[in-house]
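Participant: Position chains B and C against the provided structure of chain A, taking the given hints into account.
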Amino acid sequence: MLTVDSIETAYGVSQVLFGVSLAVGAGQVVTLLGRNGMGKTTTVRSIMGIARPRAGTIQFEGRAIHGLPPYRVAQAGLGLVPEGRQVFPNLTVRENLVATAANRAGSADPWRVEPVFELFPQLAARARSLGGALSGGEQQMLAIGRALMTNPRLLILDEATEGLAPLVRAEIWRCVERLKAGGQSLLLIDKDVGALTRIADAHYILEKGQIVWSGTSADLRARADIQHRYLGV
Amino acid sequence: MIEHTTEVPVRWSDVDPAGVVFYPRFFEWYDLGCELLFASLGLPWPEAFPRYDIVGVPIVESGSKFVSPARYGDVLTIRSKVAWVREKTFRMEHEISVGSRLCSTGFEVRAWVGRPEVARRDAPRPADSGGSGRAAPGSVRPDVRPDVPGLSPALFARIAPLASGRRSTVRTITRVALVGLLAALIAAPAAAQTVKIGFITTLSGPQGIIGEHMKNSVELALDHLGRKVGGLDVEMIYGDDQVKPDVGKQLADEMLKKHKVHFVSGVIWSNVMLAVAPTVTSAGTFMIGTNAGPHELAGKMCHELFFTTSWQNDQTPEAMGKYMQDQNITDVYAMAPNYAAGKDMISGFKRYFKNKVVAEVYTQLGQQDYQAEISQIRAANPKAVFVFYPGGMGIQFLKQYAQAGLRGQIPLYSVYTVDEISLPAVKEAALGQFETRYWSPDLKNEANQKYVGEFRKKYGKAPVFYGAQSYDGIMLIDAAIRAVKGDLTNKKDMIAAMRRADYKSTRGPYKYNVNHFPIENFYLLKAVQNPDGEFAMQIQRTVFENHKDAYSAECPMKW
Amino acid sequence: MTVTVALVLEQTLNGLQYGVMLFLMAAGLTLVFGIMNFVNLAHGSLYMVGAYLATAFAAWSGSFVLGAALALPATLLVGIVVEVVALRTLYERDHLDQVLATFGLILFFNELIAIIWGRAAIYTSLPPFLGGHIRVLPGVPYPAYRAGIILVGVTVAVLLWVLVTRTRLGMRIRAGASNRTMVSALGVNIRLLYTLVFGLGAALAGLAGAMAGPIYSVQPGMGEAILIQVFVVIVIGGIGSIRGAMVGAIVVGMADTLGRAFLKPMLATVISPPAADKAGPALASMLIYLLMAAVLFFRPEGLFPARGRS
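Same order as they appear, the protein sequences are chains A, B and C. Each residue of the first sequence is one higher than the one before, starting from 2 at the first, in the working numbering. Each residue of the second sequence is one higher than the one before, starting from 4 at the first, in the working numbering. Each residue of the third sequence is one higher than the one before, starting from 2 at the first, in the working numbering.
Isolated chain A, as found in the complex (with noise of 0.2 Å):
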């Protein structure tokens, strides 16, 4: 579904990504690990062409995506919800969600208003508050209804549990599971290894640009060390 194929990225003279590769299959749910500043975000900026990688190949069902505008990318069926949340602090929840929302690839069952509310059903009782004014993670569920919203065929979550309380952080957990149940392709960068050793089929660890190691998850719980070594656990 996703291919990227080492792709270096740099901004201005300082390079990032030294040949990235990684790939993502139909229904997969993949990981993306390592420490912060390994360039983790940076491989995700680039896969949603919001930072331009200066060599390597894109491709997204077999469509080359590199050089394409963000809004091309997100069109091609690729949803993002980013490190930080970035929801539109001046929209209502409401808003935020119908803003952007699109159903380009036609799905029969697409993701709508109703539909994201109840998988959050929190988000359903603040619709009319503005994005600004919710908490941290009601923030996190509406920057991942607004996400679904364009009902993508693969959906990257960027540290979305980041500074988030255990229970939060619970609930988010369970609504990645229910999408992956759902056949959601997904992309996942988070430092939660335990969760995510529990709902990914592959994971892909980067250092210094670089990725170090790849495996399933069978793979990366035997390995102590390299947890110890790359992730700091």
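Worth flagging that the hints you see were computed from the coordinates, not collected in a lab. Possibly wrong hints are sitting among the right ones.
For lysine-lysine, the following DSSO-like pairs were computed, each having C-alpha atoms within a straight-line distance of at most 30 Å [said to hold, decoys possible]:
id : chain 1 : residue 1 : chain 2 : residue 2
1  : B       : K357      : B       : K303
2  : C       : K279      : B       : K303
3  : B       : K495      : B       : K231
4  : B       : K430      : B       : K218
5  : B       : K430      : B       : K514
6  : B       : K231      : B       : K494
7  : B       : K263      : B       : K488
8  : B       : K247      : C       : K279
9  : C       : K279      : B       : K346
10 : B       : K551      : B       : K529
11 : B       : K551      : B       : K359
12 : C       : K279      : B       : K386
13 : B       : K346      : B       : K386
14 : B       : K218      : B       : K252
15 : B       : K514      : B       : K346
16 : B       : K507      : B       : K453
17 : C       : K279      : B       : K357
18 : B       : K252      : C       : K279
19 : C       : K279      : B       : K359
20 : C       : K279      : B       : K353
21 : B       : K353      : B       : K495
22 : B       : K84       : B       : K488
23 : B       : K68       : B       : K218
Where chain C lies over chain A, by a calculated footprint (3+ residues, C-beta under 8 Å) [as the list claims (entries may be wrong)]:
id : region
24 : 62-74
25 : 147-156
Note that beta-carbon positions come from the ideal geometry of N, C-alpha and C, so glycine has one too.
Facilitator: Coordinates of chains B and C only, in the frame set by chain A:
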């Protein structure tokens, strides 16, 4: 820097069998360049030498670098300049090129050679005072024999003592001749046959239309004068003041310092004029105003170098005040923009209008919407309204006054509001409107009929008084320069000439008051529609004959 | 001068009319400024273009209303062309570059208009059915055309409010104001959105110009005269906020009009009439700037700052 450029074709006699120019030819061309440079300064050698008591300017040193060859058929450009002038010698530098390709650079050091005093009586006439004896090749005036005395034994005989500097019988040059020629050379731009006139007006923004009329009229005047002013070639430098006094002053400075103009003219706005005129006159240059007439310049700040072809601000509203007083109109509501001329206009109006002025309202300069003021007028319900709204302000005011339905109810009298600029834009909204003015397109005199007719022909519209004054301004300058036969240094006689106003003004003959403001007639005009549908101003009657402004007594100038 | 209720009412209407005119200009400017973070000094030029196009179309079609109606899409088109050709490359540059470039556009448009239509003001007349007066109250006639301007302005304000708050386009515009990268990453072509917003602003300026034609003078440079007041409006109202533009425009329109009308008689009750004669006009012309200074002092973000701008 004194410079001259001329072009010379390379002839067959200049080249060798290969078609390349012989090197000595270049020296002849340098000589030609020197001669023509003097001629371009109005100092052709045959005339200038006797005038300055000089025998000739022999070469004492010369040299050349040959950069690239010139060939048969090339047209050479000779650029010559005076590099320096000293007491006994001066240095010429020349560049010869074909198009942009440089062929040679060269120099000549020449001596000023005066007539030996003892030998003066039988000294040879300049025309046969030595020289190479033959015309320089390619000379455009082969009849003038150039002094190339470097080769002449007779001149060498005179130079020799000069070079050693020991004999008094052979004066290298008389002090008089030296000073005269030096002055002539150094002051060359001033004594040149080009008069430079800086013209400041407003060329951009909503008021740019006024400047366009003024500039067009200046150009028409130059057409009528055969593109010469006072017989001299003329260079016009136009400047756009943007209705800002600081910009106007800056323009004046630039014209004085960079362009070294002989006259500054134009200026629409009184506040701009108050910044420009003192700058110009204090630099010893003429300021010929062609519109603004602030009272300060008519009174205490009058100046012998300041003339205007228009009027003092107060005069026109004075005429309207007199007319309205004569009609015995009472309870007048007066309005004007809040700047120098606006206040002059109201005070001029009140000088002759002695009945009651119910309100004096000053609005912002450049204001667009007068609805609030018009509502106030309706509430005050005066017998008449008097306004001064020049340019775009007038168009807006007249339109809005008509739209408010006041036109039929409260008669409106104005100065500088309804004119040939605003009429095509407001049309019916101004019909029947009264104005006072010193000029109108229908004034029957020869100069005016020529001006109005030709302006219409050239620009396809009716001229306006701003233009007539600017046309007159150029004519006044023309008369002044003519009176001194092109000697632009003779300011005293130019002042005297201008004071006579001895030119064909579009308003007819007039005289100058002591403060250099015209003493002229003022007429009552009315906006009418001609049979051909055009809206135009028409003279109804004369309100003032030979009207003087109110401030001339404060002007200390006497003549 | 006696100040009557009728006069106060009439002046209030005048202030309202001036206010809605300013609002039409300010709405476009504040959208472009607030959403695209772009300083567009050439907004006044679009007002001028609207006035000229409306006049030209009215002369061609013989109908003022048709002329104004045609001028709207035409100015929108001009705005879009300007945005695509000239302004797009400037979004990433700093404000000084934008000011310089759009100042250049002012000169360009003024000269272009002068070349096509000449420097002289051109004649535009009122449509006859709007030439009369309506009675607001017995004894208070008000020009029908100006009443029409108020009506159109208020209608446009309502439509704009609906557009911005009730439609998906409006949501995207507001979303774009707070986070353009995110809007883009969710599949919205932000450039196209900007172009649309700019075109909309141009059309509003064009509408203001078309309506200004019959009362002001239609001539090159007419846009700059109003632009300064419009900037005052958006500074008072809060940059990027439609509601702020509306409130700011009405405040400025009222303050300016009522100041010109009543400040001098009010001052005359406090200080001597001759002094009031001098101070009144000076103070009236400064009033809106004093107001702006006060707003900047007490609420630097403006009265209704756009929510969610950092």
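Participant: Starting from the hint list further up, note which numbers the structure goes against and sort them upward.
Facilitator: Hint check: 5, 21, 23 fail, others pass.
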